[in-house]
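Participant: Here the protein sequences line up with chains R and Z, keeping their order.
When we follow the UniProt record's numbering, the leftmost residue of the first sequence carries the number 1, and every step to the right adds one.
When we follow the UniProt record's numbering, the leftmost residue of the second sequence carries the number 1, and every step to the right adds one.
Hints were generated in silico from the structure; no laboratory data involved.
Treat the hints with caution; some may be incorrect.
Restricting the straight-line Cα-Cα distance to at most 30 Å, the calculated cross-link-like pairs of lysine-lysine (DSSO-like) are [claimed, not checked]:
no., chain 1, residue 1, chain 2, residue 2
1, Z, K43, R, K209
2, R, K231, Z, K43
3, R, K56, Z, K209
4, R, K209, Z, K231
5, Z, K43, R, K43
6, R, K443, R, K425
7, Z, K425, Z, K443
8, Z, K56, R, K209
9, R, K56, R, K231
10, Z, K56, Z, K231
11, R, K43, Z, K425
12, R, K43, R, K56
13, Z, K56, Z, K43
2 protein chains.
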Amino acid sequence: MSSIDRISRKPAPPIDDVHVNAAAAAEAAENTTNHRVDTTFDKFHDRYSTRSLGLKTSPVRALFAVANRPEVVSLAGGMPNIADLPLDVVGESLKELVDTRGAVVMQYGSGQGEPEIREHICEVMAVEGLIADPDDVTVTCGSQQGLDLVTRIFCNPGDVVMAESPAYVGALNTFASYQAEVIHVDMDNNGLVPESLREHVTAARRNGKSVKFLYTVPNHSNPSGISQSAKRRREVLAAADELDLLVVEDNPYGLLNLDGDPLPTLKSMDPDNVVYLGSFSKTFAPGFRVGWVLSPSFVRDKLVLAQESATLCPPVFSQFAVSSYLAHWDWRAQVGSFIDMYRARRDTMLASLADTMPEGTTWSRPSGGFFVWLTMPGAVDSAAMLPRAVTNLVAYTPGTAFYADGRGQRNIRLSFCYPTPERIKVGVERLAGVIREELDIAKTFELADGRHHLRDFGPGPNLA
Amino acid sequence: MSSIDRISRKPAPPIDDVHVNAAAAAEAAENTTNHRVDTTFDKFHDRYSTRSLGLKTSPVRALFAVANRPEVVSLAGGMPNIADLPLDVVGESLKELVDTRGAVVMQYGSGQGEPEIREHICEVMAVEGLIADPDDVTVTCGSQQGLDLVTRIFCNPGDVVMAESPAYVGALNTFASYQAEVIHVDMDNNGLVPESLREHVTAARRNGKSVKFLYTVPNHSNPSGISQSAKRRREVLAAADELDLLVVEDNPYGLLNLDGDPLPTLKSMDPDNVVYLGSFSKTFAPGFRVGWVLSPSFVRDKLVLAQESATLCPPVFSQFAVSSYLAHWDWRAQVGSFIDMYRARRDTMLASLADTMPEGTTWSRPSGGFFVWLTMPGAVDSAAMLPRAVTNLVAYTPGTAFYADGRGQRNIRLSFCYPTPERIKVGVERLAGVIREELDIAKTFELADGRHHLRDFGPGPNLA
């Protein structure tokens, strides 16, 4: 290895699911504007696949790459708070698992996933009213891999995926890695707007594009916090049916309803035309990386073959570990206590926003999940503001991360899942101060030259 | 879900790493010849990606898909024998892990993999004389996923990958899933033949092909059992260097030398031009799915981004579980006892082959790993013979699985890793009987019409 190799930038954890590692803001700001890696000395620079060019380093990654600082309140990550899990029960059940079935649970397994966990997965889905056959479940290495495999089997380079506005950043990364083009569908407070779906799909097809599926998070979407109403679900499915468009439903937060009972899943409403992604990351723990895809059987056959070529089999021990937890613990009651905890955090966040945010600022009021989507009132770029926020000891995710087309500049995703209510209150207060200051600066610039100092502002979606 | 969906064939475990599930041979034989899935009723049949067409169901899958029968001796799978692992130690260490660090080890982690396991991985590689920096390690969901990510970042559809003859079936599946074309390089008893590598690469380039890398398993290759000699390693690396060709070294069996000390890895001999794949599946346990890629830092940066889009992060709990095992147990001594066990099995297999095989049959004599490669003397097709072998209560993997170009018909991969020596002896005896019978039939057909009843026999590689 050459010494030149060694001095290059170290990769960082994924932006969406880690603590914000706060840095000296000056250094971070510099990295933010100079995030491109110098590949002059990469002897393979001309040999990478075209698809690898879609694997972009996030412009805000540098802010997340530096050391953790406890004094920074992170409203940025999507980490669940798993501190309240019964660690003694989990530990004991894993020990028993190895003692009694070690040679099986640590061995290779099925490419589709173990029958035992697929049974359990069907029990979990049934809580949301989704009745399924374990044969139709494919286990994945987290639901992110479910999304990867679904995209792999459906999308050629240049194919179109329809997505929400804004859409989950991890999904956008996956689509980009398969060179799929993303077209955002408008949303309002009831979720996807069916008319916008019709218009965009029709226009794309008129342009000769092959539109492969609609990707949607109907429950408490990441990042908007918006849920599709029951009526809207029917309308979206009717539009998809009319357009002969496959629907990929991603439902990590479906059991985390903070204000009432779950609405029916799209999959339960139209089983033949929906591929469903599920996850234990938010209802149990993400570190086992157990997600799943529920799909029509022909699609499942392809997913299993894709899984075999990708990993031989999903993590076997993890699958037994999750099965064991579900069998040994009242996981429904545990989800209930998660709900109470997240509700308190969401309520604190919404109250703090109401107390502190400058006039004109708006935000979504999620009925579940982890996230609030905030829109700033003036000519303020949330990505450019981030280093200054970190200097003021608060972090968030800029809205641009959730658009494939550069929109979201005035937007911010705030997460209430991980910090305590006390920290959330402090974080929101700090953020309000930062926004206020930025608005003042923006106003000064406007006054000085009669226009915004930012060139292209975009439509600035506002879901409040 | 329609009832038509429900009656379709169920997917099976991956062929390479499971027990052979023996079936009534008649049914199996029928499935073997009719392995295509009827997709008439798949409403998405015209919407899959082009790459998904490369995801083929193996023609022998049907034989592996039916119920396990203990009376069948399987010499087919590649499952390690992990029955001798200290299950009490592993169980206790996992319990302690959850008790003391549960909220960390069950949380999301780094896309590159946890620092702790990357340190341990470097200690493991050092045993083979490969000195590396944990910064250059990317953790993967088994080394199969390492191969998937390396192919993802390097190969466009139509690009060429050079591979051994025969080559690991799982690698061929991965290359096919990225629409890469495989060209096999000749091998002799010292491994890859450099002159053949030169010829094939030059010819491919002359035809306008972009040759992306050479994929090789220098130690105890799967399926041939052949290892590259020290001299041959130097020659292969020199040829690759001369051709400006990246080398991907897959080394799952490097620590399982049954007859002596490890030879230097290709990576240690030419660090800048080799991407190295490692695995804990054979030295500890496959069920945790922890593998890794050691690569130059620019390549690592791309692998980490690819990992994030594929899974967010590799299995976190698994990484801590493996770290904990390595820290709590004398794993070097454990590998030593694995070596003693596998040596006894290999010796039994080689002795049984010598005692029982018909004249003219040849086979490799591996100095490590899991596999023996056998070549039958006459006009016998090993894939066509498989159902008859299963009827005679022995199973193997036909040689054609290990070629992208249809060769390997006279070949058989035998694995000595999983069955006991007693079972190996019985299995080889049964196989010898089946081959003898097939040879008799082939001879009769030859006598009857003066030619082989098989149309295209291929060169029939013989590595004995």
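Participant: Take a quick look at whether K56(Z) and K231(Z) sit within 30 Å of each other, Cα to Cα.
Facilitator: Violated, at about 38 Å.
Participant: K56(Z) and K209(R): Cα distance at most 30 Å?
Facilitator: holds (27 Å)
Participant: Has the given pair, K231(R) with K43(Z), been kept, meaning a C-alpha gap of at most 30 Å?
Facilitator: holds (26 Å)
Participant: Just to be careful, I want the Cα atoms of K425(Z) and K443(Z) compared with a cutoff of 30 Å; is the pair within it?
Facilitator: holds (27 Å)
Participant: Hint check: K43(R) vs K425(Z), CA-CA at most 30 Å. Holds or violated?
Facilitator: violated (51 Å)
Participant: K43(R) and K56(R) were given as a pair; does the straight-line alpha-carbon distance stay at or below 30 Å?
Facilitator: Within the cut-off at roughly 19 Å; holds.
Participant: Below or equal to 30 Å on CA atoms is what counts here, so check K43(Z) against K209(R).
Facilitator: Holds, because 19 Å separates the two Cα atoms, which is no more than 30 Å.
Participant: For K56(R) and K209(Z), compute the direct alpha-carbon distance and say whether it is at most 30 Å.
Facilitator: Measuring from Cα to Cα gives roughly 27 Å; hence the hint holds.
Participant: Could you grab the alpha-carbon distance between K56(Z) and K43(Z) and see if it respects the 30 Å cut-off?
Facilitator: Given pair K56(Z), K43(Z) holds - Cα atoms ~19 Å apart, limit 30 Å.
Participant: Can you confirm whether the C-alpha distance between K443(R) and K425(R) stays at or below 30 Å?
Facilitator: holds (27 Å)
Participant: Compare the distance between the alpha carbons of K43(Z) and K43(R) with 30 Å, and conclude whether the hinted pair is satisfied.
Facilitator: violated (46 Å)
Participant: With a cut-off of 30 Å on the C-alpha distance, tell me whether K209(R) and K231(Z) pass.
Facilitator: violated (54 Å)
Checked against the numbered hints above, the structure breaks hints 4, 5, 9, 10 and 11 and satisfies the rest.
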